[in-house]
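Engineer: So the protein sequences, as listed, match chains S and B. To convert, note that position 300 of the first sequence is 300 in this note's numbering; the numbers rise steadily by one, no gaps. Start counting at 1 in the second sequence, then tack on 366, and there's your number in this note's numbering.
Incorrect hints may have been included.
Unchecked claim - Straight line, CA to CA, 35 Å or less: simulated DSBU-like cross-link-like pairs of lysine-lysine:
#, chain 1, residue 1, chain 2, residue 2
1, S, Lys361, B, Lys543
2, S, Lys126, B, Lys492
3, B, Lys492, S, Lys177
4, S, Lys361, B, Lys643
5, S, Lys15, B, Lys392
6, S, Lys26, B, Lys392
7, B, Lys727, S, Lys277
8, S, Lys146, B, Lys381
9, B, Lys395, S, Lys6
10, S, Lys126, B, Lys643
11, S, Lys277, B, Lys643
12, B, Lys522, S, Lys126
13, B, Lys727, S, Lys177
14, S, Lys361, B, Lys392
15, B, Lys522, S, Lys177
16, B, Lys512, S, Lys6
What the hints assert, rightly or not - Stretch by stretch, here's where chain B covers chain S in the computed footprint (C-beta under 8 Å, at least three residues):
#, stretch
17, 101-110
18, 346-355
Think of the hints as simulated: they come from the structure by calculation, not from any bench. By construction, the Cβ of each residue, glycine as well, lies at the ideal position given by its N, Cα and C atoms.
Listed here are the chains, written in short residue letters.
2 protein chains.
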Amino acid sequence: MIDIVKPTLLLDEGKVRRNIDRMVSKAEKAGVQLRPHFKTHQSQEIGRWFRERGINQITVSSLDMASYFAADGWDDILVDFPVNLRQMDTINALAAQITLGLLVESVETAVALNNQLTHPVQVWLKIDVGYGRTGIPYNDAETLGKLARAIAAAPKLELIGILTHSGHTYSAASPHKIVTLYHESVVRLNTARYRLQDEGHHVLVSIGDTPGCSLTGSFGQVDEIRPGNFVFYDLMQHQLGACAADDIAVAVACPIVAKHEMDQRVIIYGGAVHLSKDMVMLDGQVCYGLIALPDGDGWGVLRYDAMLVSLSQEHGLLRVHPILFDQLQVGDVLMVLPVHSCLTADLYGRYHTLTGQEISKMRTNS
Amino acid sequence: MIDIVKPTLLLDEGKVRRNIDRMVSKAEKAGVQLRPHFKTHQSQEIGRWFRERGINQITVSSLDMASYFAADGWDDILVDFPVNLRQMDTINALAAQITLGLLVESVETAVALNNQLTHPVQVWLKIDVGYGRTGIPYNDAETLGKLARAIAAAPKLELIGILTHSGHTYSAASPHKIVTLYHESVVRLNTARYRLQDEGHHVLVSIGDTPGCSLTGSFGQVDEIRPGNFVFYDLMQHQLGACAADDIAVAVACPIVAKHEMDQRVIIYGGAVHLSKDMVMLDGQVCYGLIALPDGDGWGVLRYDAMLVSLSQEHGLLRVHPILFDQLQVGDVLMVLPVHSCLTADLYGRYHTLTGQEISKMRTNS
């Protein structure tokens, strides 16, 4: 194992490549386009592992992320985020260079965008199929029609498709329910598609969420899928049944700094600034992470005899079963499997592979 | 106002200096040493504002942070975190250069530390006065005595004091309860102090938490206080009654990217990676932040007619009262007052002052 002195973001390259391979094969077999979301890894180098598997279209969640990947040769990028009109300079620079996809969800934005663009862009309509975060309700034919006509009338905007993020699969109670929601989303997207088709607008249909795309046996009537988290997976996905524990491809290595015999508490150097404060409920308790023990160059099986029950800025507090407690010593390293790998990875500037290589990534905030 | 194109961490220098001044004056008046915790701001430049007010001893939460501030001339630094034996190189480099204070809570750590040190350090015992995160229970005279003797026998360790972080004030139900807990902590620390004194160990008593230090009228029988968050404060502190809304000195400026008439939702460019996922309960609802509107070069009063109810990686979803909803437009900027300023600031590499200056800070993870 590489020498750990403080909280370190580890990446198991073999698992990452296996996760990529599985989703690429599944999409190929189903004949749907895979446009993976790169917000989870945010790394040019990991992006190249997708390119090696034939991927040439990607999704990102910010214009800065689009610029970062465009600089590495990606020339078809969808920014899966409502257009931020305050970044027109970045939009124009990207539109001059690549095939840029943008999300539009109001006539005002479509008009303002068209007026300020110096190069054409592809436009996607964000559809709300029930998640309620953002987008046009799938059954609001009037708004959809109005917006499609406004885009058709805007010479710099090409209406290419409609998309959704079925984020409500994350609160589904079972894998069966996730798949049901996935197919409900597909049906609703197609409701919107045919409404637009009736008015002469032919659009692609794109869907994207890791639980649905991982668990569904068939993708249904969609042209494109945009999952992202599957590259690493995490405890939340595992809890949803979307991955095996062994598919989780990142962990934060954390030194043990204190032990308290009385109530089997173990304190690790690893807090909110190393893991993020996202949590899952486990047996009615708030859980900020589970652990594995170091094993060879990586980590072993997911342990249920310890749970990260509290996070301060730099500390993590584990409740540990007495048998495991006796095995752990101050100075040992524990591997924390993150609740939400996107947010954990976002906290770091690089990954460390199990073979000792460093993989750089972008940072969200300068 | 400075030009905002994407989520930007703003700092009101006037408020920061006022917050510093208030705590410095309070400590001076009470005759206690103020050793402010610098984990909240993590900035050499802001550290100098404390130095201008006569502060010459500081607290940090990691050895990296100690190195960062030592590089700016701070020569008396307490690392308020259990010793991480895996960073002995950093410990020895710091101990050679400055007066370094370390936390020890077990005989094993004291022995290992002494064996590996090349220069002497000051040692503080972390006392648990009821928070239950880490530390030796204040009334465990046997463990305390054993540890004090082990330290006395270690030539490189000087037992200087006992300290606590009364983090349980954060879950107190009222300002009155916070002050009661503060004084209970002081009494318990002194219980430990006198136990040690009976065995011939004379120690300083140090206490630190922003709610307690902000709200108490008198500090009681302590030698030193170590609050940190008060430099910026935040919604959590405001909710506890530890500060006025107008004392909150940082905000994240976020562009509005979408509006949804139907249920008065406003979507901002500002998510978990810009704000952190810490939350408070407000009227029985999970709240990830409240807003203020831009006002002059800064922001106006705290608004209760909008609430950040959900955060994705890059999105924030606000529920907004209809009257305010009509006033807000896509492209406008909202100021989000953070729930927990320590975690929010940690996500950024710099602050932007209201007069357009950039203030650099360290980053936790490389």
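Engineer: Of the hints given before, which are not true for this structure?
Structural biologist: Violated: hints 1, 2, 3, 5, 6, 8, 9, 12, 13, 14 and 15.
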